[in-house]
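So the protein sequences, as listed, match chains R and W.
At position 180 of the first sequence the residue is numbered 180 (my numbering), and the sequence of numbers has no breaks.
At position 116 of the second sequence the residue is numbered 116 (my numbering), and the sequence of numbers has no breaks.
The reader is advised that the hints may include incorrect statements.
[As the list claims (entries may be wrong)] So the derived label-pair ranges between C-beta atoms look like this:
id : chain 1 : residue 1 : chain 2 : residue 2 : range
1  : W       : 105       : R       : 10        : 18 to 28 Å
2  : W       : 242       : R       : 182       : 20 to 30 Å
3  : R       : 62        : W       : 5         : 41 to 51 Å
4  : R       : 76        : W       : 15        : 34 to 44 Å
[Said to hold, decoys possible] Where chain R lies over chain W, by a calculated footprint (3+ residues, C-beta under 8 Å):
id : stretch
5  : 100 to 106
6  : 130 to 138
7  : 195 to 202
8  : 218 to 231
Quick caveat, the hints were computed from the structure, so don't treat them as lab data.
Keep in mind it's a predicted model, so treat the numbers as computed, not measured.
Idealized CB from N, CA, C, for every residue including glycine.
As a plain string of letters, each chain reads:
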Amino acid sequence: MLRRQPWLLAILLAPAIASYTLVFVLPLLWLLRMSFNEALGAGSFRPAFTFENYLRFLTDPYYLQITVNSVTLSLWVTVFTLILTYPIALFLFRVDSSWKNLFLVVTISPLLVSAVVRTYGWIVILGDRGLVNSALLELGLINIPLRLVNNEVGVLIGLTQILMPYMALALIAGFGRLDPDLEKAAMSLGARPWVAFLRVTLPLSLPGVALGCLLTFALCISSFVTPKLLGGGRVFLVATEIYDQALQLLNWPFAASMSILLLMVFGLALVLYSRLIRRFDWE
Amino acid sequence: MGRVLHNTIILSLYLFLLAPIIIVFIVSFSADPFLAFPPSGWSLKWYGEILRNQEFVQAFRLSLSIALWVTIIGVLVGTPAALALSRFQFTGREWLLSLFTAPLLIPSIVLGLSLLLVFLPLRLAFTLEGLVLAHLLVVLPYVIRILATSFQTLSRQFEEAALSLGATPWVAFWKVILPLITPSLIASAALAFVLSFDEVVISLFLVGPQFKTLPVAIFEYVQFRTDPQIAALSVVLILLSLLVVLIVERAIGLFQAIR
Numbered sequence: 001m002l003r004r005q006p007w008l009l010a011i012l013l014a015p016a017i018a019s020y021t022l023v024f025v026l027p028l029l030w031l032l033r034m035s036f037n038e039a040l041g042a043g044s045f046r047p048a049f050t051f052e053n054y055l056r057f058l059t060d061p062y063y064l065q066i067t068v069n070s071v072t073l074s075l076w077v078t079v080f081t082l083i084l085t086y087p088i089a090l091f092l093f094r095v096d097s098s099w100k101n102l103f104l105v106v107t108i109s110p111l112l113v114s115a116v117v118r119t120y121g122w123i124v125i126l127g128d129r130g131l132v133n134s135a136l137l138e139l140g141l142i143n144i145p146l147r148l149v150n151n152e153v154g155v156l157i158g159l160t161q162i163l164m165p166y167m168a169l170a171l172i173a174g175f176g177r178l179d180p181d182l183e184k185a186a187m188s189l190g191a192r193p194w195v196a197f198l199r200v201t202l203p204l205s206l207p208g209v210a211l212g213c214l215l216t217f218a219l220c221i222s223s224f225v226t227p228k229l230l231g232g233g234r235v236f237l238v239a240t241e242i243y244d245q246a247l248q249l250l251n252w253p254f255a256a257s258m259s260i261l262l263l264m265v266f267g268l269a270l271v272l273y274s275r276l277i278r279r280f281d282w283e
Numbered sequence: 001m002g003r004v005l006h007n008t009i010i011l012s013l014y015l016f017l018l019a020p021i022i023i024v025f026i027v028s029f030s031a032d033p034f035l036a037f038p039p040s041g042w043s044l045k046w047y048g049e050i051l052r053n054q055e056f057v058q059a060f061r062l063s064l065s066i067a068l069w070v071t072i073i074g075v076l077v078g079t080p081a082a083l084a085l086s087r088f089q090f091t092g093r094e095w096l097l098s099l100f101t102a103p104l105l106i107p108s109i110v111l112g113l114s115l116l117l118v119f120l121p122l123r124l125a126f127t128l129e130g131l132v133l134a135h136l137l138v139v140l141p142y143v144i145r146i147l148a149t150s151f152q153t154l155s156r157q158f159e160e161a162a163l164s165l166g167a168t169p170w171v172a173f174w175k176v177i178l179p180l181i182t183p184s185l186i187a188s189a190a191l192a193f194v195l196s197f198d199e200v201v202i203s204l205f206l207v208g209p210q211f212k213t214l215p216v217a218i219f220e221y222v223q224f225r226t227d228p229q230i231a232a233l234s235v236v237l238i239l240l241s242l243l244v245v246l247i248v249e250r251a252i253g254l255f256q257a258i259r
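Starting from the given sequences, assemble the full structure and let the hints guide the process.
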């Protein structure tokens, strides 16, 4: 009945399509176009079709360095996030169902606290007069405060915590496909708990691990607030460079070309992601 | 022994996960003029301080009005789109669904820059309208996804019964479908409000010197100064989010909402 009224369909979809065109499709196309323009500095540019912005990024050693920084940091954050989140996800998978929902909510609740606020929390913990340094000084373990903020260490710790809920969601989804009785079956057949975990649960949870790592890496390499605040302007990454080029140096064509390159890395991660989904017969 | 070790590990991991939130609560009651832990004394003065800080009060007002506009427009735009996606069969439906959720897959920093570049010539940069439009991009994927799922899980028999009893599609929507999806509407509106209110990266590109949202004001403040005032402000924001989460939890349960 409803399905045979194309005008109704058009009316229902029109506002959404108009919104997406104005705030999504057009801006991205314009960004792509801008990346080929010739930069004249200070917010001005000349319409052109040049690959100069891309070449500058790909040939200048400084930008190679920040790309390496971004990738290295993201890899480390992904590793730490996985190590710290896996036990939580495993615990959530095994915990008695009456407690499960409460722990699930606690696990993902940090997502609903702004990244700015959580990053500020880490400054309080890691700063020169913060929790960690005060405790260590008090205990006499150190004489001068450790440098935990305004460098990569702080960014690494902050990003790990900020990305843990996302990793948890991916891992929980992975565990969701697992039958809790499998482990018990293995143990009833004589496997020790440790062996049952290594031979049964761990291999079956790998699809969730792969997806979680990919998600964490993608979110990490594009994160901006935490590196900017915890890095104190001394940690140089691709995302912070896009911001500086766009809003401080007003070099829009160059910022645009870096954004397009970042999108390409993202696209690559997405292709991998969908391959993995098909491979593991997800959904 | 193994059990104790296991519980200790899980507890420490949760402590790490919640550490920045817990610490912000503690420091917000500090009496010190600077950021130090543990505080040398306790007071509520920083809560009073944020009310006296004109910049934060103004930023709060701006964020509130943006979030309210975004919530209203987001639900008004998202609901019909979700209905169309779940109740109509048409070519390009799958494609449209991917388009509507695609902004979730693009880094915010790229979205922010692209919006700035388009809004500058359109004179929408540094305006309320521009920020509302930009935040729509953040909330619409969630609103459309939540509502499309809830329309899909709603049996067609309800509206078909109404239609066969002589109701027009319009009446069937208002009297039958809408009451049944009200919980999802509340959940998506609440989520839209929180997402807009907390959004910082895209906003950074579209705010002006005298025209800042609250997260941007906090971001800029923390960049140059750190004192317990931000902790007090953070607690207010956390409580606001918590309130919204409770509304969602009451309406449909948090886990149905994020799935």
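Each hint, compared with the structure:
1. W/105 - R/10: 18 to 28 Å: Holds - the Cβ-Cβ distance for residue 105 of chain W and residue 10 of chain R, about 27 Å, lies within 18 to 28 Å.
2. W/242 - R/182: 20 to 30 Å: Violated: the Cβ-Cβ distance is about 37 Å, outside 20 to 30 Å.
3. R/62 - W/5: 41 to 51 Å: 47 Å, holds
4. R/76 - W/15: 34 to 44 Å: With a Cβ separation near 21 Å, residue 76 of chain R and residue 15 of chain W fall outside 34 to 44 Å, so the hint is violated.
5. 100 to 106: holds (count 5)
6. 130 to 138: holds (count 4)
7. 195 to 202: holds (count 3)
8. 218 to 231: Satisfied; 7 residues make the cut.
Checked against the numbered hints given earlier, the structure breaks hints 2, 4 and satisfies all the rest.
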